[in-house]
Structures are given as C-alpha cells and as structure tokens.
Amino acid sequence: MCVDNTPPPSGRLTRRGVLAGAAALAGTSAVLAQAAPAASAASRSSSDRGSSDRTSSGRGGDLVVEGGKLLDPLTGEVTEDAVVVIIGGVVRAAGPRGRLGTRTPSGVPVLRAPGQWILPGLVDAHIHLNTAAEARDAVLKGATSARSGSTNFYQDIAVRELARQAPERAPRLRAAGIFVTPDLGDTILADPDLAPLARLRDGVRSPEALRRVVEVNLARGADTIKTRVNERAGLPEQDPLVQVYDHEQLSTIVAAARRGGKGVLCHSYSEKGCHDAVTAGIRSLEHGAFVGERTLREMRRRGTYFTPTLTAIAGLAESPDPVLAERGRTYLPVLKRAVLAAHELGVPLAAGTDSSGGTVDPIGREVELMHAAGLSALDAIRTATTGAAKLLGFGSTAGRLARGFSGDVLVVDGDPLADLGVLSRPARVVRAGFSVPAA
1 MCVDNTPPPS GRLTRRGVLA GAAALAGTSA VLAQAAPAAS AASRSSSDRG
51 SSDRTSSGRG GDLVVEGGKL LDPLTGEVTE DAVVVIIGGV VRAAGPRGRL
101 GTRTPSGVPV LRAPGQWILP GLVDAHIHLN TAAEARDAVL KGATSARSGS
151 TNFYQDIAVR ELARQAPERA PRLRAAGIFV TPDLGDTILA DPDLAPLARL
201 RDGVRSPEAL RRVVEVNLAR GADTIKTRVN ERAGLPEQDP LVQVYDHEQL
251 STIVAAARRG GKGVLCHSYS EKGCHDAVTA GIRSLEHGAF VGERTLREMR
301 RRGTYFTPTL TAIAGLAESP DPVLAERGRT YLPVLKRAVL AAHELGVPLA
351 AGTDSSGGTV DPIGREVELM HAAGLSALDA IRTATTGAAK LLGFGSTAGR
401 LARGFSGDVL VVDGDPLADL GVLSRPARVV RAGFSVPAA
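In the working numbering, the protein residues as written are 1 to 439.
These aren't lab readings, by the way, just hints derived from the structure by calculation. All clues given are correct.
Listed below are the simulated DSS-like cross-link pairs for lysine-lysine, each with C-alpha atoms no more than 30 Å apart in a straight line:
#1 Lys272 - Lys336
#2 Lys69 - Lys390
#3 Lys262 - Lys390
#4 Lys262 - Lys272
#5 Lys272 - Lys390
#6 Lys390 - Lys336
Take these sequences, add in the hints, and give me the full structure.
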C-alpha cells in the first residue's frame, strides 16, 4: 500500500505548534521564555551577517581569554601567551599578547588561562539530544557545536532553537528530526501528517512513504535527514549486517532530501550496505564498521564523510549483555582499521559519539579513539574541529579561534597534542562568549 500522494502541510503554518510541543518534551519551554526578554533587548552585531550558524536571537557574550597556549587546528600552530577577544559572541581578534595587548577592550570580563591550553570548542557530528539537560551536558563536556542523529519527537529542533536563544545552554545544532526507518514505532505520533503511514503493512518502504517522511521532516525545519541501511548494533535481537533499505530506496531518500536542499547521514555497517548508501549519494556514512576499500575510494571521489562513532562501538564492548559485548569486542578493531584506511586514502573524517539514552559521552573520548586508530594527535583533533565543522556547514563559524569565528572556547589543563585525555576534562567551556558555569 502506498501513502496518499498529497503534500505535507505548510511548515510555516504548523511549525510553531510543533516547536512548542517539542520544546515541552525537551524541557526547554521555560528556558526559552526566560531567554526571550534578553534576546529582544539586545541586537546582534552587524558583522554576524544574520547567519543562522551563530546566535540568531540576541547578542552573544563579551569575553577575553588570555594567558594560555592557543592551538589552531587548521595549521597546527601553537601561540604562546595568547589572547582571544570575543565581542557579541564572535571572535574579533586572536593571537599573541604582544600583538593584541593594546587592542584588548576595557571593561570586558577576562578569563585568565596561564599554564593552560586554549582550543576552539569541539564538534560532535553524531549525537542524540532529547532534553535541555542533555544539551547543557554536551556543552559542559566540550561539544559547542553538534549534529543530531535524530530524535523521536522533533526534540532536536527545539534544542536547536534553545541554542539560538540561550547559546550557553546548548550546542549550535544541525537537527535531523525523525529517523527515516522502516518501522517508525511511536514516532508515528511525532506529527499528525505521519498518521497515514500507520496503514502500511510493510512499513516505510515504498517510494511514496519514504518521500513522505523526508517531506514532513523538511516541513518541520530539519537541517539534515537521517536514515539507515542496516539494522542496529545496539539491540541484541538485531543483526547489524542485515540490510533494510536497498540502493533504490536510499536513492529515493537522497533525492527527496536534495529537493529540499539537504544532505543525508546514513546508519551503516555491512560493506554492501555502505556501498549502496555511498553510491546513492549520502553526505556522510555513520558507524560503517565493515566498509571496504572500494567504498572508501568512492567516498574519497565523492567527498563523502565518514563518522565512525568509535565511542559507541567501544561502549558495546562494556555492555552487560553478552551478545552486545561480543559484538563490541569484534567490531571495534575492525572499525579502527577502517578509520585508518579512510584517513590514509584521504576520506574526510568527523568525530561523533552517538550519545543517547540520557548519557552524554565527552566528544574528547572520540578524539582519543581516533588517535588510537592511528591518526596523529593533531589529525584526531581536526576530526572534532575543522573536519566536523565543514561537514555540518559550520566551516566559517566553528572549529577555529580566528577573527569572525564563533566565540566557542575550550580551556584544558595540559597539552592536548601530548595527552588527548585533557579534552574530556575541560577546565572551562565558553559558548558564544559566555563562560559556562560548572554543573
């Protein structure tokens, strides 16, 4: 059975109600209400150019970070006794104190970091944020920008709005909306326009059904589309090597997303599944434990990103469930080899934790695992800064501390090039010029 071929309702007409419901689910309604007066009272700096990548409602914070060693992930350059000047949530200057000292504005709060290292806030390219508490925890653990790996009821769209209204409470976010998957389960209740899909005996598989879920996501304001080609690794009753969508179905999803100007991230494990997803035109391959060389070469040719989520696979190995534990122990070394092969071939890599279920893993842990897979410390850091930022479309906003970039800062108690573990224990996080207090 096919879904009735009628367009979804206008996002302009329905999005406010959907956002209000999602905000309630995510626990953000009160936060947004508190932030609104401040947002309307302050205007953004004209140099922000209205970009949705930065704080789109209200002005960011003013802060000077000084005295530490500044690492630029793009060049690998380390600046001693550095100063970073943030005005209105945007970096206005960054460099050695000797060059910038006279340009430091008076009356601006100062965060002193002598003996510490200063880096741009990190990017988690695959995370599931369902509540305001999870969003804040992600920031506290160093992820100042992120991409959603989908939510059940559009909570990620509400979290994205929270980040725009009160950036110190949530990462700058690319929202994926709901998962394009054969069995929507209770997600069928996420929006009334999905109700006709409940009649489908075989689930969301026909071209009409696949397009409908994508169209509803786009109407609700999703920034990207999430789908799958294989079953889940985190459920013992499922086999991650079983394929649920074929090349034609994936191509339908990609085409529908492209009509809305969006890319697709695809949950994948088997080599055939990975190859089908990549050749169908996805933007990034997620997990991808058994991706092979032919697919990696195709990814390099197309510029397809690889987000391996090593943290999630390593977590399976620690599961009390024997099936999951064995799966994690088996998959992790295979995935590490795939990561190194991808890096050596020139496939762009992005760090993502795949955090979900109320637990937020530090994105710094994913950087450590990238290094353990064979990347240099600097290249591993790039997967959570310049690399991931480019994937998310934040290449001129996040991933560096340079003039015009967002004032997102990580201050750590040690040299990350010598000990990547310090990234998982930030001494201070700054989000859009606001120094985030500890929980």
